[in-house]
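Enquirer: These are the residues of each chain, in order.
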Amino acid sequence: MRGNEKWYKLDNAGKMYPSITTTEMSTVFRLSFILKEIIDRERLQMALDKVIERFPYFRVNMHRGMFWYYFDYTEQKLMIEQEEYFPCMFLKYKKKNFPFRVVYYENRLAVEFSHSITDGTGALVFLKTLLCEYVEPDITKREVIEMVKNIGEAEVHGEWENSFEKFYKKGAPFPDKNKRALQLNLKRVPKGEYYAIKGILESEDIKKCSERYKCTITQFLLALYFEALIEYFKNGKKRKGRIVINTLVNLRRIFPSDTMKNFFGSIAPEIDTRLGEYTREEIIGYIKNYMKLMINEKNFLKAISRNVSSEKNIFVRLMPLLLKNLFMPVLYNVVGEAGYTTSFSSMGDIKFPNDVIDKIDHAEFFPPPSYGNIIRTGIIASNGKTTIIFGKLTKNTTLEMLFFRKIRKENIRVKIETNIQ
Amino acid sequence: MAYCPKCGVEVESNRNRCPLCKFPIPNLKDDNSETKQRFPAAKNIYETSFKKVRNRVYYSLVIIIFSVIVVLTGMNFKYETKIVNYFISSFVAAFFYITFCIGFFKFMVNLTGVTITSALFVYSISVINNATGWYSKFALPIIAVVFIDAVFAYKLYLMNKNKNRIIYIPVVVLIFLVFLSLGTDLVIQFAKNEELKITWSLFTSIGGLATILIILGIYHKTPEKIKYTLKKRFHI
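Protein chains in written order, with my numbering: chain A, 106 to 526; chain B, 679 to 914.
What the hints contain is simulated information worked out from the structure, not anything from laboratory work.
Source: prediction; values computed, not measured.
Hints may be right or wrong, so weigh each one.
Using 30 Å as the maximum straight-line C-alpha spacing, the simulated BS3-like pairs for lysine-lysine come out as follows [said to hold, decoys possible]:
| hint | chain 1 | residue 1 | chain 2 | residue 2 |
| --- | --- | --- | --- | --- |
| 1 | B | Lys760 | A | Lys500 |
| 2 | B | Lys721 | A | Lys500 |
| 3 | B | Lys784 | A | Lys296 |
| 4 | A | Lys182 | A | Lys197 |
| 5 | A | Lys511 | B | Lys684 |
| 6 | A | Lys514 | B | Lys684 |
| 7 | A | Lys296 | A | Lys200 |
| 8 | A | Lys345 | B | Lys700 |
| 9 | B | Lys730 | A | Lys197 |
| 10 | A | Lys292 | B | Lys729 |
| 11 | A | Lys312 | A | Lys490 |
| 12 | A | Lys114 | A | Lys312 |
| 13 | B | Lys729 | A | Lys345 |
| 14 | A | Lys429 | B | Lys684 |
| 15 | B | Lys839 | A | Lys296 |
| 16 | A | Lys520 | B | Lys700 |
| 17 | B | Lys729 | A | Lys197 |
| 18 | B | Lys784 | A | Lys292 |
Just need the whole structure built from these sequences, with the hints factored in.
Expert: Structure, rendered in structure tokens:
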């Protein structure tokens, strides 16, 4: 969509999402900032009108091609909406709507993006830029900081690139196939509902605690999550087996990429409860070694190879979109989600210019709802507060109870908020 | 600030139960605490968008059906042929089928409605045809079999709906088909020979049950004990 061309192809990860999207499995995630003041609707709309011009790759509608979906530029104006639905709800982006929405409620500013267009990092850059523009419209007064775009400048080539294709190495082997993992078989809520249990922690407390265990915050939280899952399955009727946490990784940290499209991979640490009991030190040791082994360029080349080469297959390419829409959801369920018990996604510590940080209380990241992994976890830190959100399609809170009680046992203060009435 | 004494976590001050363990939280009436709702009372997007589309489809179909019925009734006055009567009866049945299948009511109401519609529709066909014998002998009992079978399959689906859908939906469908073939066979044999006898449905049932066992066996994996016995008894 540069020069004369006003359309662009979906990236390799994004291609799958429109085919598996349903009203229940929206493939939409939410990133939000809780401000210290009530949002001014008019000011926010003005900021959005300016910011959207800096992100032409987001100013699009999705259309159907014969074989694939594609994004086409639109002159439509994106209007901000007051929050009225559950978070991460279905976006009718295949019907001439934007593949994302900007919503606000009291002091919450949020963006909800369909995964077909970008991942958490792309959404975060957009939201940070929007927030900075909302708080301080005068760009000359603002401190320059990473992951905030200068709206006075044009976008750069790297932001458009399909990094999966760029880093694809022909002939690279595929990763091993997923084996079936234990599943959280919980009673589902009706279609169109999505619940979240949010824990707010002091980042300093959790940092000190993870230092005590000689690991990173992510590794420590992942270990506690494993412990909670082990205890959950131990108390339930479910037999023993593999507990696998699909842990998402931002590939921009491994490959040199500035893309604003999807560019993420995942690793799948697992604990097999058939092998006996595990101590916390054992779990942390395993996670540390597993991450060292798996988070590297060569390992992710395998995942990129699988994504890109299966899509380069002439039979897949020539298959009409209608058939792709029929097969993809089944494949995704069987090959994808059945191999994981739950998922864990950490956005890291979000930095802001000094004049903006004072206006923010904390950040939130709501993972997309899913049939297969009925509970998913999203973690984000900002302004000294870490937020852990369990996004779910069930009202059962046993897993969160076990997890947050473990955090409290480490003497870390937790505040719980939820949209379960 | 309100705390859950069991979990030890701080909760929103407007909560009277812990969101994690549901333990009651005493109302401390702390005037300084925030009472703002963090999330709005959310609407269900599925309900609103689905209902809009459903109503549009339903009323369009109803208008078409009733227009056709009016035209056909007019034709019936003039020509009075069997074929026009068949059409009228089919379109009236179509109206009820659509009403019950489009999801206005709960599943059991819809299923009962569809069954009664089927019974009346088939009866009207037999009356138009001047042959009501097959209706009481075959049609009505088979409709009853389908109804009982569907209720059973639905209950089975409800019991397993939180399990893996890729496995349990085909299993429930196969169970439905096995019982349907058995029931239909029994009705036909009883109507023909006045005795309850299983004939062709024996093969479909064995095939269906074997497939169910294979699917469930692969999914749950055969227990170690059975594996051991099989290996011992059938080793080559």
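Enquirer: Confirm or reject each hint.
Expert: Here's how the hints hold up against the structure:
1. B:Lys760 - A:Lys500: 57 Å, violated
2. B:Lys721 - A:Lys500: 17 Å, holds
3. B:Lys784 - A:Lys296: 15 Å, holds
4. A:Lys182 - A:Lys197: 16 Å, holds
5. A:Lys511 - B:Lys684: 12 Å, holds
6. A:Lys514 - B:Lys684: With Cα atoms ~12 Å apart, lysine 514 of chain A and lysine 684 of chain B stay inside 30 Å; holds.
7. A:Lys296 - A:Lys200: 20 Å, holds
8. A:Lys345 - B:Lys700: 28 Å, holds
9. B:Lys730 - A:Lys197: Measuring from Cα to Cα gives roughly 14 Å; hence the hint holds.
10. A:Lys292 - B:Lys729: Holds. Lysine 292 of chain A to lysine 729 of chain B sits at ~24 Å (cutoff 30 Å).
11. A:Lys312 - A:Lys490: Holds, at roughly 11 Å.
12. A:Lys114 - A:Lys312: It is violated: about 41 Å lies between the C-alpha atoms, which goes past 30 Å.
13. B:Lys729 - A:Lys345: 43 Å, violated
14. A:Lys429 - B:Lys684: With Cα atoms ~50 Å apart, lysine 429 of chain A and lysine 684 of chain B exceed 30 Å; violated.
15. B:Lys839 - A:Lys296: 14 Å, holds
16. A:Lys520 - B:Lys700: With a Cα-Cα distance of about 15 Å, the restraint between lysine 520 of chain A and lysine 700 of chain B holds, given a limit of 30 Å.
17. B:Lys729 - A:Lys197: Judged against 30 Å, a Cα distance of about 15 Å means the pair holds.
18. B:Lys784 - A:Lys292: Distance of about 19 Å is within 30 Å: holds.
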